[in-house]
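Chemist: Now for the letters of each chain:
2 protein chains.
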Amino acid sequence: VVGAGPDYHSPVPSPYRPVTDGVLSRLREVLLDEEVLRDEEQRQAYARDETEDLRFLPEVVVTPSSTAEVQEVLRIAHEERVPVTPRGAGTGLSGGALPTRGGIVLSCERLNTIREVDERDMVAEAEVGVVTDDLRRAVAERGLFYPPDPSSSDVCTLGGNLAEDAAGPRSLRYGSTRHHVLGLEAVLADGSLLRTGGRNRKDVAGYDLTQLLVGSEGTLAVITAAVLRLQPAPGETLSLLAPFDSLDAAAAAVEAVCRVTPRLLACELVEREAVETVARVTPVPDELRGAEAILFLELASEDEGALFEAASALEAVLRERGSGEVKAARQAADQRRLWEVRRRVGAAVKGRSVYKECDATVPRSRLAELVRAARETAAHHDLLALCYGHAGDGNLHVNLLRGDLDDETWSDRMAAAEEELFERVLAVGGTVTGEHGIGLTQRRFLERTRGPRAVEIMRGLKGVFDPRGILNPDKVLPDEVAR
Amino acid sequence: VVGAGPDYHSPVPSPYRPVTDGVLSRLREVLLDEEVLRDEEQRQAYARDETEDLRFLPEVVVTPSSTAEVQEVLRIAHEERVPVTPRGAGTGLSGGALPTRGGIVLSCERLNTIREVDERDMVAEAEVGVVTDDLRRAVAERGLFYPPDPSSSDVCTLGGNLAEDAAGPRSLRYGSTRHHVLGLEAVLADGSLLRTGGRNRKDVAGYDLTQLLVGSEGTLAVITAAVLRLQPAPGETLSLLAPFDSLDAAAAAVEAVCRVTPRLLACELVEREAVETVARVTPVPDELRGAEAILFLELASEDEGALFEAASALEAVLRERGSGEVKAARQAADQRRLWEVRRRVGAAVKGRSVYKECDATVPRSRLAELVRAARETAAHHDLLALCYGHAGDGNLHVNLLRGDLDDETWSDRMAAAEEELFERVLAVGGTVTGEHGIGLTQRRFLERTRGPRAVEIMRGLKGVFDPRGILNPDKVLPDEVAR
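In order, the protein sequences belong to chains Z and L. All you need for the numbering used here is the position in the first sequence, starting with 1, plus 2. All you need for the numbering used here is the position in the second sequence, starting with 1, plus 2.
Calculated from the structure, these hints are not laboratory results. One should not assume that every hint holds.
Derived CB-CB ranges, DEER-like [what the hints assert, rightly or not]: (1) Z:P287 / L:A251: 48 to 56 Å; (2) Z:L195 / L:Q44: 43 to 51 Å; (3) Z:G353 / L:E81: 38 to 46 Å; (4) Z:A70 / L:R139: 49 to 57 Å; (5) Z:E378 / L:E81: 26 to 34 Å.
Here are the computed lysine to any residue pairs in the SDA-like style, where the Cα-Cα straight-line distance is at most 25 Å [what the hints assert, rightly or not]: (6) Z:K329 / L:D305; (7) Z:K329 / L:A418; (8) Z:K352 / Z:W341; (9) Z:K329 / Z:R274; (10) L:K329 / Z:D305; (11) L:K329 / Z:R274; (12) Z:K329 / L:R426; (13) L:K329 / Z:P234.
Remember, it's a predicted structure, so these values are computed and weren't measured experimentally. Each residue gets a CB set at the ideal place from its N, CA and C atoms; glycine is no exception.
Whole structure, please, built from the sequences with the hints as guidance.
Modeler: Printed below as a string of structure tokens:
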């Protein structure tokens, strides 16, 4: 099998056809030379994403630079029954971009044009290879605002955001990526073009294919461009830092905090060990150290008086719920300094050790139960766990760290701990992924989360969009079989 | 055919089976006596909705009072191949609740329990027969806020809102119904239960069946209950009234108005003839009369100073764009008095004449073109047209009035005018329905709006959910055929 070797997980034995010389020459006919990557060294860069230590080598990587080229690639793959794994920036945490069957990796990196920012309609139309922060900046230059702010927004791309329905701190106020999508341009498995929605802010003509494609992780179609709804900027911001002397108390405070004011944009939680992990690699301001857990809050208003009024209402609730002295940051530089620490947690944890990031999410009132489950699960399986994340949305990233465990011990303990954690999450009405997606690694939990009838329906939908099963095989559905 | 008669449109010749005595006795086994309505007089109440003058008499009406009973009804209908038309409050404007094939009308009126308002999770769980305003009041009593505000909110029910993805004035700020749905309980065509989503504010486990069912007009499943996301109340409001001496100028001003401040909740437009239609049936405050068109704006903030600041920024833009003297209303009673006029337009127009309401929607910058198209189309076909609606969302209800035209003339002119109007709407990137749905009456426009490939996909989805085609036949898809 192409791509197997000591450095890579073996591709799953495949009912698909390999990328033959015939397939390669067909691809070269429709793409530029530099858009077909065959050297092993080139392909290695596309063998992994940010998911644990998983690697699968693709047989070929293509980097089409237009929607028409994406159509050509899929037409060929469909005819030749070659699997296609669409890829954004490779920052995914559930293995959604891993080419488990070898085949073609379709990287969207060259689909990177912002086609238009229309101030009058308050929409942007952009290709999926555009880096999220680049879009945010381009619209900000026109005085507009694109809310989604995933932590990797400086490198991740719109395509990955759409595929996984990415969220971020400000999703508390603005919702996840899907809430800001008005229309999509996508290529179906057979190479045909699908346009969904458009520039209308409301549109109920037929089933909402836009919302069905968002979050479908590249298994139903390859999204090539999106029309995104923009907003007036939210005004001035103010950040609050609330230290707690127990993680449980911080988690329990969240539901009360989120009811105080519609001005609240974000409510994030970071526990002590996570802050210390950042402190290993970069200086951390003193006021962030020492507490068992910290809540980071961000407020916005066009009016400074209103901002301070909301801040003191929040402070009162925080103190009532057991917070230590609440610190406020109003200057932009001070706010950046605080949020920088929050933003760096993910990378710092990932730099510290091999890890398993459980994207646990619960109804907001169950957060204290979630952190208890995380701590107890880790203890049961003798692992170190760190919690941080989007507390206001009930979504915490529970990171299990490998440290210096050997392969087998790590793999056994991690699997058992994950199993126990998610059983407890599901028992309180939670879900196994709030923003990372099911991808490759969480498939065993799908049926337990959604129920067998829902999974049956999902399998039917997959068949409608991709009857040959060539699009991103082994993702989302637990036991997908090529047809 | 059961139900044909001089007062009703004849049911379309049907490949389905009729409601035999055998079917009736099976229904009576699983439902209470008062939940099976067979008298013609009873059935007449379910023969129409608010769509033009269309009537189709169902063979039987059932009013189950629990999800389990809905499951039983669908199990029987599926086995017996009897068509089922789900029905909310019957306020629909595209014929979505019309039993075109006779069969069973499944009215959700008894599914009217608010199961829970959970302040800690900030969600409500309610059955679909709950009147929208009842839910809004129940959550307001806990200091919370459910944003969707369709104009018929005092009578319409959550089920219809979910089926059509209902919107209202405040959708400008908060989005349509779908933006507030976290999870659904639904019954599939074969009677099996489907639960989608849940109480988590974020959840990307599998394809988003919640969003697929919202807006599917009862053709994919019968939604029985929903988990709805609530918000902190928006604070104090202030309303502005901006008179224009031309409809075009009012329409053209909207895009600039909507960019001024995130405090804007609503931006509605009503043209002179619509105000005068209200004045025929109820007194209208003087300040609302005389202008060719009026923009109604609503602002919200927790802080009164901020409210007035936003109001003067808006006033400046309105004046710059040609508005006459802008009037502000701050007292609750004054605001209610203004909005009452806006709210009454729909009913007043419907009381004046038989009508065809075109739910035309365009990208916001194209509004002036939309009102021009409405005026010119009406002139070409010698009809009276009235425009009013959700201008901030690019959505105007263009009402064509029958007046005293005879059947044939009205029917010919209406069809030709609608055709011309929507051709022009589609040519500027608009859509044929912003919030009323495709239902029965707009099906001929679906393929032109969405493209043939998208309709093919939609047909595939219908087949996955409802392989026998018993759910709400003749709705959404242009040429659905029972299997």
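Chemist: Broken hints, numbered, in rising order?
Modeler: 3, 5, 7, 11 and 12
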